[in-house]
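Chemist: Sequence:
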Amino acid sequence: MLVLASQSFGRRSVLTNAGVRYEALTADIDEVAARDDLRGKGLGPAELAEALAELKALEVSDKRPDDFIIGCDQTLALDNGTMIDKPVDRLALMEQLKVLSGNGHTLYSAIVIARGHKIIWRHVEQVILRMRPLSDAFIEDYIEREGDALLGCVGGYKIEAKGAQLFSKIDGSHFAIIGLPLLPLLDFLRSQGVLAS
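Okay, so the sequence shown: first residue is 1 according to my numbering, each after it adds one.
Among the hints, a few may not be true.
[As the list claims (entries may be wrong)] Between beta-carbon pairs, the in silico distance windows are:
#, residue 1, residue 2, range
1, F9, Q165, 17 to 25 Å
2, K162, D85, 41 to 49 Å
3, T82, A196, 24 to 32 Å
4, A24, Q192, 34 to 42 Å
5, S101, E160, 14 to 22 Å
6, A24, D148, 19 to 27 Å
7, D62, S191, 19 to 27 Å
8, E47, E140, 30 to 38 Å
[Stated by the list, open to error] Result set (BS3-like, lysine-lysine): computed pairs, CA atoms no more than 25 Å apart in a straight line:
#, residue 1, residue 2
9, K86, K98
10, K41, K86
11, K63, K118
12, K162, K98
13, K169, K158
14, K162, K86
15, K98, K169
16, K98, K158
17, K118, K41
18, K41, K158
19, K86, K158
Quick caveat, the hints were computed from the structure, so don't treat them as lab data. Quick caveat, the model's predicted, so the values are computed rather than measured. Glycine residues also receive a C-beta, built at the ideal position from the N, C-alpha and C atoms.
Please model the complete structure; the sequences and the hints are all you need to start from.
Modeler: Next comes the structure, spelled out in structure tokens:
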């Protein structure tokens, strides 16, 4: 059985739309505390995303040792290396979008698979995004229309919805932006006989 250690609507949609059969379970970890602890150890954005994805996969693997457990996480870094976290409220979201407006950033999307409480596969994908200059009025309207769902997104945007209007250039996988680097995952699952080849 394939288990996604996430209740993220975006990640579930990617797997469902690709015709992959899976079950979704939430990893029982304090993600904020884990992120702060790992960041305190000096992990960069790619390593941090991978470590958090690993924690999620291993936690669920404890409960489901015979299954293939998918753990995912994302981090975002500005061009100057500063990492940005998920906004805590709409005011923080507005300020974050103002910082991203007209600038570039890199999104790191990590995915790992655990089985029998061991990591058996890992992949980190990098996407480079450039946000167009946004007016305050556009940002306010965007937040009002999309609502609190944006607070669960590391960049404060959902590329699969109106968030596409925020960008002037994207180099990388659409799936990775949503939070699930799909094509490498499908290749691995085929190699393991989980999906038909």
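Chemist: Now tell me if each hint is right for this structure.
Modeler: Cross-check of the supplied hints:
no., hint, in the structure
1, F9 with Q165: 17 to 25 Å, "holds (20 Å)"
2, K162 with D85: 41 to 49 Å, "violated (22 Å)"
3, T82 with A196: 24 to 32 Å, "violated (44 Å)"
4, A24 with Q192: 34 to 42 Å, "violated (19 Å)"
5, S101 with E160: 14 to 22 Å, "holds (20 Å)"
6, A24 with D148: 19 to 27 Å, "holds (20 Å)"
7, D62 with S191: 19 to 27 Å, "holds (25 Å)"
8, E47 with E140: 30 to 38 Å, "holds (35 Å)"
9, K86 with K98, "holds (14 Å)"
10, K41 with K86, "holds (20 Å)"
11, K63 with K118, "holds (13 Å)"
12, K162 with K98, "holds (17 Å)"
13, K169 with K158, "holds (15 Å)"
14, K162 with K86, "holds (18 Å)"
15, K98 with K169, "holds (17 Å)"
16, K98 with K158, "holds (16 Å)"
17, K118 with K41, "holds (22 Å)"
18, K41 with K158, "violated (30 Å)"
19, K86 with K158, "holds (12 Å)"
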